[in-house]
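**Q** Listed below, chain by chain, are the residues.
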Amino acid sequence: MTRRVLAASAAVTVFALALTGCVAKADLASAIAVDITDDGCSVAAATAPAGAVTFALANNGTDVNEFEILADDQLRIVGEKENVTPGQEIDFTAQLEPGTYYTACKFQQVGAPIGLAEFTVTGEASAVSAGDKELSEQAVTEYLAYVRSQAAELLPLVEAFAAAYAAGDDETARSLFAATRVPYERIEPTAEAFGDLDPKIDFREVDAVADGLEWTGFHRIEKDLWAPVAGDLNSDGQDAFLDWAPSTAEERQAYADGLVADVTELHDLVTADDFTVSLDAISNGAIALLDEVASGKITGEEDWWSGTDLSDFAANVQGAGVAFGAVRALAESKGDEGTALATEIDEQFTALEAALAKYGSLESGFVDYATLTDADKKTLSDEVNALAEPLSQLTATVLGV
Amino acid sequence: MSDDSPVEERSTKEGASREPAARDEGFETPPSSAPQPAASEGGVSRRQLFGFLGAGAAGAVVGAAAGAGVAVAATGGTDASSAAASVYPFFGEHQAGIVTPAQDRLHFAAFDVAETLDRDGLIELLTEWTDAAARLSQGLEVAEGGAVGGSDYAPPADTGEALGLPASGLTITFGFGPGLFADAAGADRFGIATRRPALLEPLPRFQGDALVPEISGGDLCIQACADDPQVAVHAIRNLSRIAFGRASLRWSQLGFGRTSSTSTTQATPRNLFGFKDGTANVKAEETATVDEQIWVAASDEPAWLEGGSYLVARRIRMIIENWDRVQLGEQEMLVGRSKGEGAPLSGGTEFTEPDFEKTGATDAPLIDANAHVRLAHPSTNGGARMLRRGYNFVDGNDSLGRLDAGLFFLSFQRSPQQFIDVQRSLASDGLNEYLKHVGSAIFAVPGGVAEGEFVGQALFA
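Protein chains in written order, with numbering that gives the first Met the number 0: chain A, 0 to 400; chain B, 0 to 460.
In case anyone wonders, no lab produced these hints; they're calculated from the structure.
No experiment lies behind these values; they were computed from the predicted model shown.
Cβ atoms here follow ideal geometry from the backbone N, Cα and C, with glycine treated the same way.
Take the hints with a grain of salt, since some may be wrong.
Facing chain A, a subset of chain B residues (Cβ under 7 Å, in silico) [what the hints assert, rightly or not]:
# : residue
1 : Tyr152
2 : Ala153
3 : Thr158
4 : Gly159
5 : Ser239
6 : Ala302
7 : Trp303
Here are some chain A residues the structure puts well away from chain B; computed CB gaps all over 12 Å [stated by the list, open to error]:
#  : residue
8  : Ser29
9  : Asp34
10 : Gly114
11 : Phe240
12 : Glu343
13 : Asp381
14 : Pro389
15 : Ala395
16 : Val397
17 : Gly399
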């Protein structure tokens, strides 16, 4: 249920709460107790009928823990409750189809599962979710294809860009910079899923310094191409020349080769046969792309030296739009609320794209972000907020939880 | 997370009410001892309703105000716990937050409506704001189960920072700016241009104005007052969030200490000049004066604003570093009152009427010709009075290392002319040397809301 619906029907929700209360009691009676300790994960029953299975988690250990339900391969996680703090008692419900599963806990939420135990779900497979399953598979297939197409698009662009930069053809490199980043920005959350790749490809100087990493990738090259002059500051307020000097020819070659290698690795990873994305990763990816815009692009911190933030901005929005499109049918299958949410997201995408179009397009390029006034930026920020708010409900709607 | 096994969980700690103690009382009965106005019956208009209940509803408001005041007075006047326990009714003949005893903290916000907003969208926003405000003011979350009772896979409906806090006397008061009736280009976006109150004009220019457009004006405003700043901020934050896509924050202001009393049960607080402020303010108990000076009457135009008021907001920067170098005698001369007691320099105690004719040994008036108290006094301004509800603020410091401090002036009056007359009279105020008006806004504050209505509904009828 969305916030707006809740807010608009306070009287109805009072009643709904009373019902929830009853359900809570019923749940409690049939819930399976899970005693979580630092080195154990004791589940009171080893079997349950198919459907909504509720576990009453109690963390009796000394640190934060995590409860997981694994598929019979003991690898794929089909349900998890993270951040169960010491002393906490919390209910966790998973929709489980008949089959063999494994329950486990994960002390401090890292490392191997602890207390792995077989858990059997009996009974009939639920027929109602068949439509959902089809739509889910379709969404995954669709989005996976998109990620792969963008990675494939990215690679030759990066090769050309890196070659111009390494050869010292700054004018060409500058003209390619924004367009080269577009496919990357469209699928950024997927790249971020590969822990160390995104930092190598896309870290801003201030983040690299703060994390103690060697600064490489797009933004290192950007600073060479739009070199600061004495007195310029970085986005964190530090002197632009602090721990920085223009790259030598050798360094340029190394950064160019590194970027091509990292993007090649990204391409190989997402085109591998066993690569897939989960449903919530798609909808969360859409949300994450808008967060990228709201936190980095709207402040002009992303492309600090080139001022090409609006191009990244537009690419993020496009990527979010594709991710939303992939799960849209699923959202609409969740009844009137899902349909209303999809409609609202549609409208806000249109409004945001219209607001962006005032400053250019991905085909013809965008104006330098520095030319926007604070009022211009606020208008864009308002549009981002207007889209991000309903979009943030997407995952819950798509998953139907 | 797998895509074929959606999961759900629910905390065993239901986030039903912000205040644990209130939970047992049930949600149909807000945790309030104050009398509740009767619900609106279908087919009975608001005007008819108040025709029936006029005296009762007004009594409820004053009764609630006096009740809370008594609670504070009985425990020595400063007992924070009894003040925090205050709950004021949201529904009534007038909006709460005007004659309500001034709470200690403020978060005030002005919004601009989105270019794409239409009449239905505006009504929807006002309806959602009303529903949320009615809950928040009773110490509840913005929506049922808002903070932690929802899906693990959706952002919580309520932002959560007020969980476990009582209502803290929260009142939420809505107002409509001139821009709502016609935008800068004169466009009537909501079909209400003909219903704009003739008096709702941007304020004229005054001496001492150094207005910053970004912190002036606004199409809509929300005044959230509470005895706990976290509760006031929580209200503005959640109401702003509800408005995303329909109205966006133009400017907002925190106030950390009230500078006015609006009830005779309250002690007079001090502003950042160190003087008692609001001694001669209109008080809730002066019901005849409140009717005459504060509420828009049935005989006034337009009819939809009956029971409402005009709100003037001014962000007045005080150059306190300079003020602090002024000798005590001169400070008192500029104000026209003693700094300690707050008594007029013509003699007596705080609540003695100033005698502007009285002269001292040198035959000069004891209260200087340009003293603030003289220039602001009703006798200088054709009897005009206002209900002031301002707050002290300090928003960090400026680039010169001076505190960005001052008075966030708020006044309610039946006509903006009351404020305009007084402000013009203050043109020769000696205090002006230490003041700069940097923000300014005016709003029409609709009358009270009946249950089942949204705020300002009569404007759209």
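**Q** All hints, please: hold or fail.
**A** Each hint tested on the structure:
Taking 7 Å as the C-beta cut-off, the interface hint given for Tyr152(B) holds, the closest approach to chain A being about 4 Å. The criterion of a C-beta within 7 Å of any C-beta in chain A is met by Ala153(B), whose closest approach is roughly 3 Å, and the hint holds. Interface hint at Thr158(B): violated, since its Cβ lies 11 Å from the closest Cβ of chain A, which is beyond the 7 Å cut-off. Evaluation of the Gly159(B) hint against chain A yields a violated restraint, the C-beta minimum of about 13 Å exceeding 7 Å.
Hint status for Ser239(B): violated, given a least beta-carbon distance of 9 Å to chain A, over 7 Å. With a least beta-carbon distance of about 28 Å to chain A, the hint placing Ala302(B) at the interface is violated under the 7 Å criterion. The beta carbon of Trp303(B) comes no nearer than 23 Å to any beta carbon in chain A, farther than 7 Å, and the hint placing it at the interface is violated. With a closest Cβ-Cβ approach of about 14 Å to chain B, Ser29(A) is found to remain outside the 12 Å limit, as its non-interface label requires.
Against chain B, the non-interface label of Asp34(A) holds: every CB pair exceeds 12 Å, the least being about 16 Å. Listed as a non-interface residue, Gly114(A) keeps its Cβ farther than 12 Å from every Cβ of chain B; the least gap is roughly 19 Å. For Phe240(A), the shortest C-beta to C-beta distance to chain B comes to about 25 Å, beyond the 12 Å cut-off, and the non-interface label holds. At roughly 8 Å, the least C-beta separation between Glu343(A) and chain B is not larger than 12 Å, which violates its mark as non-interface.
Consistency note on Asp381(A): stated as away from chain B, yet its beta-carbon is not over 12 Å from all of that chain's, at 4 Å minimum. Distance check on Pro389(A): its Cβ comes as close as 8 Å (rounded) to a Cβ of chain B, failing to clear the 12 Å threshold; non-interface status is violated. Residue placement check: Ala395(A) does not keep its beta carbon more than 12 Å from all beta carbons of chain B (closest about 3 Å). Annotated as non-interface, Val397(A) brings its C-beta within 12 Å of a C-beta of chain B; the closest such distance is 8 Å.
Once the 12 Å rule is applied to beta carbons, Gly399(A) is inconsistent with being away from chain B; the minimum gap is 5 Å.
In this structure, the hints that do not hold are numbers 3, 4, 5, 6, 7, 12, 13, 14, 15, 16 and 17, in rising order.
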